[in-house]
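From first to last, the protein sequence lines are chains A and B. This note's numbering puts the first sequence at residues 433 to 792. This note's numbering puts the second sequence at residues 63 to 861.
I should point out that these hints are in silico values taken from the structure, not numbers from a laboratory. Ideal Cβ placement from N, Cα and C applies to all residues, glycine included. Heads up, a few of these hints could be off.
Computed footprint of chain B on chain A; a stretch qualifies when at least three of its residues, placed anywhere within it, have a C-beta under 8 Å from a C-beta of chain B [as the list claims (entries may be wrong)]: (1) 466 to 472; (2) 591 to 601; (3) 664 to 677.
Here are some of the chain B residues that sit facing chain A, going by a computed Cβ distance under 7 Å [claimed, not checked]: (4) Thr224; (5) Pro537; (6) Thr660.
In silico lysine-lysine, DSS-like type, Cα no more than 25 Å apart, as pairs [said to hold, decoys possible]: (7) B:Lys150 x B:Lys102; (8) B:Lys188 x B:Lys299; (9) B:Lys102 x A:Lys704; (10) A:Lys731 x B:Lys476; (11) B:Lys247 x B:Lys64; (12) B:Lys249 x B:Lys299; (13) B:Lys150 x B:Lys188; (14) B:Lys765 x B:Lys831; (15) B:Lys335 x B:Lys259; (16) A:Lys469 x A:Lys520; (17) A:Lys621 x B:Lys548; (18) B:Lys102 x A:Lys537.
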Amino acid sequence: MANEKIEQLRGEILGACAAAPDMAALEAVRVGALGKKGSVTGLMKDLSALPPEDRKAFGQQVNTLRDEVTAALDAKKATLGDAALDAKLAKERIDISLPIRAEAKGSIHPISQTMDEIAAIFGQMGFEIADGPDIEDDFHNFTALNFPPGHPAREMHDTFFLPENEKGERYLLRTHTSPVQIRTMMSQKPPIRVIIPGRTYRCDYDMTHTPMFHQVELLVIDTETNMSHLRGCLQEFVRTYFGVDDLTTRFRPSFFPFTEPSAEMDIGCSRKGGELKIGNHGDWLEILGCGMVHPNVIKACGLDPDVYQGFAAGMGIERIAMLKYGIPDLRTFFESDLRWLRHYGFAALDVPSVTGGLSR
Amino acid sequence: MKFTLSWLKEHLDTTANLDEITAKLTAVGLEVEGVENPAKGLEGFIVAHVTEAKQHPNADRLRLCTVDTGAEVLQVVCGAPNARSDLKVVLARPGVVIPITGEVLKKGSIRGVESQGMMCSFRELKLGEDHEGIIELPADAKTGAPVTDVLNLDPVIEINLTPNRVDALGVRGIARDLAAAGLGKLKPLNDAPIAGKLPTSRKIATGLSASDAHKCPQFAGRLIRNVKNGESPKWLKDRLNAIGLRAVSVLVDVTQYLTIDLGRPLHAFDDAKLTGDIGARLATAGEQVAALNGKTYTLDETMVVIADEAAALGIGGIMGGEPSSVTEGTTAIFLESALFDPRNIGATGRKLSLNTDARYAFERGVDPASALWGIEVATRMILELCGGEPGEVAAAGAAPAWQRTIAFDPARVKSLGGIEIQDSEIKGILERLGFQVSGSGSNWSVAPPSWRSDVEAWQDLVEEVLRIHGYDNIPAIPLPRPPMPKTVLSPEQRKVNATRRVLAGRGLNETVTWAFLPSAQAALFRGELPLVTLANPISADLDAMRPSLLPNMIAAAGRNAARGLGDSTIFEVGPRFEGGAPGQQVNMAATLRAGHTTARHWAGTRRAVDAMDAKADAIAVLEAAGLNPIGLQAVAAAPAWYHPGLSGVLKLGNQVVAAFGAIHPRAAKALDVDGPLVASEVFLERIPLPKKKGAGAARPLLKASVLQPVERDFAFVVEETVAADAVVKAARGAERDLIADVGVFDVYQGVHLGEGQKSIAISVTLQPKDATLTDAEIETVSQKIVAAVEKACGGKLRA
Numbered sequence: 433m434a435n436e437k438i439e440q441l442r443g444e445i446l447g448a449c450a451a452a453p454d455m456a457a458l459e460a461v462r463v464g465a466l467g468k469k470g471s472v473t474g475l476m477k478d479l480s481a482l483p484p485e486d487r488k489a490f491g492q493q494v495n496t497l498r499d500e501v502t503a504a505l506d507a508k509k510a511t512l513g514d515a516a517l518d519a520k521l522a523k524e525r526i527d528i529s530l531p532i533r534a535e536a537k538g539s540i541h542p543i544s545q546t547m548d549e550i551a552a553i554f555g556q557m558g559f560e561i562a563d564g565p566d567i568e569d570d571f572h573n574f575t576a577l578n579f580p581p582g583h584p585a586r587e588m589h590d591t592f593f594l595p596e597n598e599k600g601e602r603y604l605l606r607t608h609t610s611p612v613q614i615r616t617m618m619s620q621k622p623p624i625r626v627i628i629p630g631r632t633y634r635c636d637y638d639m640t641h642t643p644m645f646h647q648v649e650l651l652v653i654d655t656e657t658n659m660s661h662l663r664g665c666l667q668e669f670v671r672t673y674f675g676v677d678d679l680t681t682r683f684r685p686s687f688f689p690f691t692e693p694s695a696e697m698d699i700g701c702s703r704k705g706g707e708l709k710i711g712n713h714g715d716w717l718e719i720l721g722c723g724m725v726h727p728n729v730i731k732a733c734g735l736d737p738d739v740y741q742g743f744a745a746g747m748g749i750e751r752i753a754m755l756k757y758g759i760p761d762l763r764t765f766f767e768s769d770l771r772w773l774r775h776y777g778f779a780a781l782d783v784p785s786v787t788g789g790l791s792r
Numbered sequence: 063m064k065f066t067l068s069w070l071k072e073h074l075d076t077t078a079n080l081d082e083i084t085a086k087l088t089a090v091g092l093e094v095e096g097v098e099n100p101a102k103g104l105e106g107f108i109v110a111h112v113t114e115a116k117q118h119p120n121a122d123r124l125r126l127c128t129v130d131t132g133a134e135v136l137q138v139v140c141g142a143p144n145a146r147s148d149l150k151v152v153l154a155r156p157g158v159v160i161p162i163t164g165e166v167l168k169k170g171s172i173r174g175v176e177s178q179g180m181m182c183s184f185r186e187l188k189l190g191e192d193h194e195g196i197i198e199l200p201a202d203a204k205t206g207a208p209v210t211d212v213l214n215l216d217p218v219i220e221i222n223l224t225p226n227r228v229d230a231l232g233v234r235g236i237a238r239d240l241a242a243a244g245l246g247k248l249k250p251l252n253d254a255p256i257a258g259k260l261p262t263s264r265k266i267a268t269g270l271s272a273s274d275a276h277k278c279p280q281f282a283g284r285l286i287r288n289v290k291n292g293e294s295p296k297w298l299k300d301r302l303n304a305i306g307l308r309a310v311s312v313l314v315d316v317t318q319y320l321t322i323d324l325g326r327p328l329h330a331f332d333d334a335k336l337t338g339d340i341g342a343r344l345a346t347a348g349e350q351v352a353a354l355n356g357k358t359y360t361l362d363e364t365m366v367v368i369a370d371e372a373a374a375l376g377i378g379g380i381m382g383g384e385p386s387s388v389t390e391g392t393t394a395i396f397l398e399s400a401l402f403d404p405r406n407i408g409a410t411g412r413k414l415s416l417n418t419d420a421r422y423a424f425e426r427g428v429d430p431a432s433a434l435w436g437i438e439v440a441t442r443m444i445l446e447l448c449g450g451e452p453g454e455v456a457a458a459g460a461a462p463a464w465q466r467t468i469a470f471d472p473a474r475v476k477s478l479g480g481i482e483i484q485d486s487e488i489k490g491i492l493e494r495l496g497f498q499v500s501g502s503g504s505n506w507s508v509a510p511p512s513w514r515s516d517v518e519a520w521q522d523l524v525e526e527v528l529r530i531h532g533y534d535n536i537p538a539i540p541l542p543r544p545p546m547p548k549t550v551l552s553p554e555q556r557k558v559n560a561t562r563r564v565l566a567g568r569g570l571n572e573t574v575t576w577a578f579l580p581s582a583q584a585a586l587f588r589g590e591l592p593l594v595t596l597a598n599p600i601s602a603d604l605d606a607m608r609p610s611l612l613p614n615m616i617a618a619a620g621r622n623a624a625r626g627l628g629d630s631t632i633f634e635v636g637p638r639f640e641g642g643a644p645g646q647q648v649n650m651a652a653t654l655r656a657g658h659t660t661a662r663h664w665a666g667t668r669r670a671v672d673a674m675d676a677k678a679d680a681i682a683v684l685e686a687a688g689l690n691p692i693g694l695q696a697v698a699a700a701p702a703w704y705h706p707g708l709s710g711v712l713k714l715g716n717q718v719v720a721a722f723g724a725i726h727p728r729a730a731k732a733l734d735v736d737g738p739l740v741a742s743e744v745f746l747e748r749i750p751l752p753k754k755k756g757a758g759a760a761r762p763l764l765k766a767s768v769l770q771p772v773e774r775d776f777a778f779v780v781e782e783t784v785a786a787d788a789v790v791k792a793a794r795g796a797e798r799d800l801i802a803d804v805g806v807f808d809v810y811q812g813v814h815l816g817e818g819q820k821s822i823a824i825s826v827t828l829q830p831k832d833a834t835l836t837d838a839e840i841e842t843v844s845q846k847i848v849a850a851v852e853k854a855c856g857g858k859l860r861a
């Protein structure tokens with residue numbers, strides 16, 4: 433009798449569970465079966481009416497039923513839950529073609545980037561970076577660099593002067609980064625290997641000159657560095673910087689007051705069709721001035737030029753940036769045109785290194 | 063410096079062609095700037111003989127010519143009035159390019175008659191402007207020969223002379239370099255003295271005191287009588303014209319020619335216009351000279367004039383005067399050849415803004431021996447071209463001593479120059495350049511020639527040897543490398559680099575602006591700093607050194623806004639100038655944000671930039687430099703170019719390390735830029751470098767608790783003047799061991815809080831370390847926080 437009742441109940445409950453259309457109906461089935469007044473719960477009340485010998489078996493049957501019902505309810509609940517989630521998700525849609533929230537893209541100026549590239553290359557050769565003031569005195573900018581007072585080479589520098597001060601000194605804006613050679617030699621003992629990047633100033637403003645521009649200077653002082661090292665060092669630099677492994681260089685005699693012998697270096701290029709290309713194409717492009725540090729300069733820094741020797745070289749940073757990156761106009765470097773900064777600038781994380789790549 | 067090929071060959075006996083010569087010039091340091099070769103493009107043109115010229119059957123003005131090329135006989139139609147029989151002409155045959163048009167000549171038919179070529183004018187060959195008729199070649203020109211062999215086509219070479227090489231200011235000096243480099247032989251120069259046939263009546267009067275004598279150390283003069291002035295011969299005119307000089311008259315042209323030929327400026331006075339003795343003296347203040355260029359110059363007492371007993375005749379070493387100048391009718395000249403002090407010439411030329419070939423030469427220092435031989439060479443040339451009787455040379459003073467010897471070890475060529483050159487070759491090069499070499503082994507004694515005042519030390523001799531031997535022979539040897547290179551950047555430089563990369567990472571575009579700006583703008587952005595102006599600015603609006611990076615950046619934002627880019631974010635790292643002496647510059651990182659944070663966007667994230675954006679930029683820089691921002695104190699004390707209420711400075715102890723905020727509307731208006739504009743300025747050098755601890759790069763051990771942190775919120779009502787920072791600091795200090803973080807999540811002002819009050823809501827994170835916090839412990843800490851804030855800020859916990 434009892435068995436029949438249980439079987440009937442199982443059929444009813446499992447049927448109702450399977451037929452429950454939603455969570456609410458399923459909950460009603462659960463309450464109707466397993467709630468305080470539920471049908472399965474009610475079966476336990478019948479237990480006390482049974483003879484003691486039947487109670488155990490009946491109890492087991494009720495427990496089995498309870499487990500079955502619970503499992504069926506859980507299974508149904510999961511099924512209904514998935515369906516509800518699917519239905520909900522089906523209604524959630526975005527237009528994935530919409531533009532993302534704007535994030536400002538910053539950039540590094542080509543001058544800074546080029547300086548970093550230069551530092552990365554010369555860093556491999558054991559150079560450190562030295563710097564000095566933009567406002568200089570005559571001694572460091574000219575006299576110590578072997579420009580005698582009144583020498584015509586001074587005039588060629590188009591110097592910006594500050595007004596004479598009460599002590600009768602007339603400071604100036606450095607016309608080249610070379611005064612830092614003097615500051616370095618006077619404050620550091622050889623061997624010296626430094627590069628000196630920085631702002632420089634000349635009173636000249638046209639298509640190819642700006643009153644402020646940037647140079648990088650090289651200085652090596654020891655007892656044996658000679659002109660073949662100068663040539664080797666610079667050749668390695670231009671090959672690495674321009675990414676042309678076999679780039680040819682040409683050395684021509686020239687004149688700078690602070691070097692002796694002095695040279696200018698050309699690199700191979702092509703100008704066919706009005707387009708400048710770096711490489712071994714038969715034409716030459718002047719790229720920098722250099723030479724062995726003049727004995728008078730070494731002397732001015734308190735060193736003996738019969739013992740110490742070395743080389744210096746200098747080049748325009750904007751110029752080599754223009755050559756490498758195809759920037760057509762020098763003056764645009766200083767116009768702060770956002771379109772230019774974004775177009776010619778470099779990403780924050782594009783840090784040049786010899787191991788990781790100088791430029792993308 | 064310009065000269066022609068034939069001119070060079072006056073001094074150089076060579077078989078080298080133009081290309082070889084120009085390549086060698088550049089190789090020895092006389093950089094060729096340009097070559098104008100009129101023969102270029104005329105390769106296909108030949109000498110032809112017009113055997114018959116008759117009337118064109120169908121045109122009155124055309125001639126029908128029978129032309130012999132030596133190889134064939136052609137029929138050519140020609141419209142030139144001088145086309146006639148038995149004339150040697152320049153013939154272009156079909157296929158050649160006519161220089162003036164750049165077009166290929168085709169066989170054609172003119173008025174029904176075939177023309178198998180074209181006879182050319184000077185203009186058509188781009189050899190001049192003459193287009194009156196066709197070129198008439200000499201009758202003895204060989205028919206069929208290339209015209210380049212027949213026409214006098216003298217290429218003009220221009221070299222870029224470095225200021226040390228005054229010897230190469232003369233064509234002869236250039237020839238000497240080429241000869242030394244193996245490109246032929248230097249021809250001898252006839253500078254033998256010419257005996258005077260009559261006494262020179264004028265004496266050389268030295269009007270310079272002993273202290274000024276160096277300004278004109280030597281002065282030589284000579285009378286030449288019965289000269290015949292007139293037009294110069296064609297070769298002389300051609301050479302002067304080719305290098306851009308104007309032929310005047312033969313007497314003047316000789317002095318012009320020798321200035322270029324030998325680098326020896328000379329001057330010829332009309333002797334009839336002189337009064338008494340002649341010589342150099344200082345000008346009197348305000349003394350005037352009517353110079354040869356038609357201008358009158360007012361001199362001062364530092365300048366040297368050449369004067370006779372009546373007046374100043376010319377500006378010594380720079381330009382002669384008009385009244386005493388040679389004219390067509392001149393029959394007697396007084397020839398002057400003198401030496402002047404380079405520095406004084408330079409100073410005089412600068413003061414007068416007067417550039418002449420003579421100044422250029424004297425300023426760089428002409429050959430000190432040349433005053434005497436110069437007058438002989440000039441005399442010889444004048445006698446040849448103008449006839450006349452030379453007087454005796456009158457001279458005063460002496461050339462400054464130039465003779466010297468340099469001790470030289472030829473091994474220095476290798477030790478400094480990096481290239482092995484045989485001693486015999488070293489000696490040969492020096493001797494070919496005019497140096498006298500004696501001694502042996504490593505003890506040479508080298509005496510430079512008079513014309514090489516630039517050679518002073520053994521290093522200069524190394525250069526001479528290297529440049530003539532060829533710089534390109536120097537091997538390229540990599541600089542020996544240290545086993546492991548040092549870090550390239552100093553800690554200070556790394557700070558600067560980190561600043562750049564961090565700001566670019568925050569979306570700002572790096573810019574580089576002028577270090578100068580208009581002084582009116584400097585005044586708005588300098589606070590207590592002095593105004594630093596330039597004595598010779600490039601223009602009136604770039605006359606001061608910047609006391610702040612911001613004005614130029616704000617102006618840039620204005621320009622960008624005018625281009626339709628009103629939302630801009632730029633930064634610059636560079637110096638501001640706190641004074642006008644070396645070392646008074648300070649490295650700054652400055653940021654400027656203008657307009658809105660982003661463009662308008664469907665997600666509605668756009669807002670105007672505000673002072674907090676600028677504060678964030680400043681803090682990002684400080685953090686990139688290694689500073690912990692918790693130690694910073696924000697104080698409302700920004701400089702005057704910021705909005706008084708929307709700005710502040712960040713202090714580390716007593717030191718201001720940054721300023722930030724909205725730009726003062728008046729400052730923005732003065733720069734004609736519309737807001738919103740917010741900026742920050744960080745003093746990079748004031749940020750202390752991270753301290754190196756004993757463990758180097760090692761960091762303190764991370765003590766991450768396994769226990770869950772607890773967050774509690776508190777709202778305080780305080781006076782509106784109370785800084786949020788003060789509330790946060792008070793809360794943080796209430797129980798340092800437990801409180802991990804304090805954040806401000808709401809600031810509110812409303813009428814019901816009461817006049818002058820505001821509410822600040824903070825969220826405090828408690829991080830237990832040893833055991834989970836009990837409710838009682840949390841309550842205790844909460845009370846401490848409330849008490850601390852109330853004590854420090856006078857606030858009340860909001861009910």
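Evaluated hints:
1. Chain B is given as covering the segment 466 to 472 of chain A, and this is violated because 0 residues of the stretch bring a CB closer than 8 Å to a CB of that chain, at least three being needed.
2. Beta-carbon proximity to chain B at under 8 Å applies to 6 residues in the segment 591 to 601 of chain A; the threshold of 3 is reached and the given coverage holds.
3. Three residues within the 8 Å Cβ limit are the bar, and the segment 664 to 677 of chain A against chain B gives 4, so the coverage statement holds.
4. Interface hint at Thr224 (chain B): satisfied, since its Cβ lies 3 Å from the closest Cβ of chain A, which is below the 7 Å cut-off.
5. With 7 Å as the threshold, the beta carbon of Pro537 (chain B) comes within range of chain A, its nearest partner Cβ sitting at about 5 Å, so the hint holds.
6. Because the closest C-beta pair between Thr660 (chain B) and chain A is about 4 Å apart, less than 7 Å, the hint holds.
7. Between Lys150 (chain B) and Lys102 (chain B) the alpha-carbon distance is near 21 Å, which keeps this suggested pair within the 25 Å criterion.
8. Annotation: proposed proximity of Lys188 (chain B) to Lys299 (chain B) holds, straight-line Cα distance about 19 Å (limit 25 Å).
9. Taking the CA atoms of Lys102 (chain B) and Lys704 (chain A), the gap is about 20 Å. The hint holds against a cut of 25 Å.
10. Distance restraint check for Lys731 (chain A) and Lys476 (chain B): the Cα-Cα separation of roughly 22 Å lies within the 25 Å cut-off, and the hinted pair is therefore satisfied.
11. A C-alpha spacing of about 21 Å is found between Lys247 (chain B) and Lys64 (chain B), which places the hinted pair at or below 25 Å, so the restraint holds.
12. For the proposed pair Lys249 (chain B) and Lys299 (chain B), the alpha carbon gap of about 23 Å is at most 25 Å, so the pair holds.
13. For a cut-off of 25 Å, the pair hint linking Lys150 (chain B) to Lys188 (chain B) stands: about 19 Å separates their Cα positions.
14. This hinted pair checks out: Lys765 (chain B) and Lys831 (chain B) have alpha carbons roughly 9 Å apart, not beyond 25 Å.
15. Annotation: proposed proximity of Lys335 (chain B) to Lys259 (chain B) holds, straight-line Cα distance about 22 Å (limit 25 Å).
16. Straight-line distance between C-alpha atoms of Lys469 (chain A) and Lys520 (chain A) comes to about 34 Å, which puts the hinted pair past the 25 Å bound.
17. Restraint check for Lys621 (chain A) and Lys548 (chain B): satisfied, since their Cα atoms lie roughly 16 Å apart, inside the 25 Å limit.
18. At most 25 Å may separate the alpha-carbon atoms for a hinted pair to count; Lys102 (chain B) and Lys537 (chain A) exceed this at roughly 55 Å.
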